Amino acid sequence: MGILLKNGRFVDPVSETVTPLDVLVEAGRIAAMAPSLPSEGHTVTDLSGCFLCPGLVDMHVHFRDPGLTYKEDIASGSAAAAAGGFTDVACMPNTKPVLDTPELMEYVITKGKAAGLCHVHPIGAVTLGQAGAELTDMETLAAAGAVAFSDDGVPVDSAKRVRDALKRASKLGKAVISHCEDREMVQNYAVNEGRVSEILGLPGRPAIAEDLMVARDLMLAEETGGHIHIAHVSTAGSVRLIREAKARGVRATAETCPQYFTFTEEELLKKGTDARVNPPLRTEADRQAVRSGVLDGTLDCIVTDHAPHSPEEKARPLPEAPSGMVGLETSLAACYTALCVPGHLTVPALIRKMTVHPAALLGLSVSVRPGDPANLMAFDPAETWTVEPEKFRTRGRSTVFSGETLQGRVKLTVLEGTITYQR
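Numbering (this note's numbering), first residue to last: 1 to 423.
Since the hints were derived computationally from the structure, they do not count as laboratory data.
A few of these clues could be false.
What the hints assert, rightly or not - Listed below are the simulated DSS-like cross-link pairs for lysine-lysine, each with C-alpha atoms no more than 27 Å apart in a straight line:
(1) K271 x K171
(2) K411 x K167
(3) K160 x K246
(4) K160 x K171
(5) K160 x K96
(6) K271 x K391
(7) K270 x K391
(8) K246 x K271
(9) K96 x K111
(10) K171 x K411
(11) K411 x K6
(12) K111 x K411
(13) K391 x K111
(14) K246 x K270
(15) K167 x K246
Bear in mind the structure is a predicted one, so any value in this text is a computation, not a measurement.
Based on the sequences and whatever the hints tell you, model everything.
So, in structure tokens, the structure goes:
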């Protein structure tokens, strides 16, 4: 007996097509796909009106495990991922201790398998302890399961260290994921430098602090031939620099998050620490440029940068609260609402940015044909809902989308033939 997913509209993000199909899942794999399959002997889930897609892939999450599990652990983060339609996530290494040893790669993988709700892939640190002084043993980390390398959470200040990392990672077929900020310019400031920082009387993070480091790392990638991936792009300048570098043939890819093409810095005045993220929400010109970068392919992937903190931490005054918000349970709906509902992007093109592109960067595959692992998700594009963080599966509650009405809701997630989420 299998699971028959009936009457869905199958989204193939590889060919960017939508086809009415029934999908039969047996023994953990897609057994058959056809316009109509017999129901006898199978457990049937009716997906009338829904899109059925490969499971989403998020190459940028913070599960806080080990060492900061009061914020999140791999089990609670995996539950949030399943509820958001994700079957694969990649964990950033800024845990305590930092993910800089093969034993910690194995720890993340083992705990992810034990949770059993999504595939959890570790990203190895670029430098030991993320201290910026000495490169990690990338070869050993890759052999233990690291899918990429990053010091995300802090920039690698040394251009030499980034250059050396790009050379070594390139030999391993891995990307270096860069958190681009000039550390001295941004300090621990809470907001973008501009109108809102002036209203609040706070020092701000200038856009040029991101742009400078993006330019540096693109130049290093061009010189070495290594693969640089620019994390959480938030400025018009960064989008322009990445677009120009790609046109020159630089091995560069990039990502952004829903908050950067949905909101501006003005949201800080309404939602306080729920809108404190890093990099910060920027200006309307930046928001539009980021959206344009998503639409024209300059920005390859949409990620969440899921970064939970405790309610007590986020309740501190704005200058003292940590930066970060949760995003796994709102990401698809936020993207569908901002990009597909107005007609800027087709559903297959959106799903491509949330599956095919990040999967390729991490060396993973997506499920689109019989014989593939049954890693799937379904969402109802017609359902509207209001974001209520107290109902999240993640331990984090802080999000700039709190109270927002979104369109499109995840109905089902299947991991290797097992239903991990259904509503």
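Hints, one by one, checked against the model:
Between K271 and K171 the alpha-carbon distance is near 45 Å, which puts this suggested pair outside the 27 Å criterion. The hinted pair formed by K411 and K167 fails the criterion: a straight-line CA distance of about 43 Å is larger than 27 Å. For the hint pairing K160 with K246, the CA-to-CA distance comes to about 22 Å; that is within 27 Å, so the pair holds. Note on K160 and K171: the hinted pairing holds, with a Cα-Cα distance of about 17 Å set against a maximum of 27 Å.
Between K160 and K96, the direct Cα distance comes to roughly 26 Å. Compliance with the 27 Å bound is thereby established for this hinted pair. A threshold of 27 Å between alpha carbons decides the hint, and for K271 with K391 the separation of about 19 Å falls inside it, so the pair holds. At roughly 22 Å between alpha-carbon atoms, K270 and K391 fall within 27 Å of each other, so this suggested pair holds. For a cut-off of 27 Å, the pair hint linking K246 to K271 is broken: about 36 Å separates their Cα positions.
For a cut-off of 27 Å, the pair hint linking K96 to K111 stands: about 16 Å separates their Cα positions. A distance of roughly 41 Å separates the Cα atoms of K171 and K411; the hinted pair therefore is violated under the 27 Å criterion. About 13 Å separates the Cα atoms of K411 and K6, which keeps this hinted pair within 27 Å; it holds. Of the pairs offered as hints, the one joining K111 and K411 holds, with about 25 Å between alpha carbons and a cut-off of 27 Å not exceeded.
Pair hint K391 plus K111 holds up; C-alpha atoms about 24 Å apart against a cutoff of 27 Å. With a C-alpha separation of about 37 Å, the suggested pair K246 and K270 falls outside the 27 Å cut-off, and the hint is violated. At roughly 19 Å between alpha-carbon atoms, K167 and K246 fall within 27 Å of each other, so this suggested pair holds.
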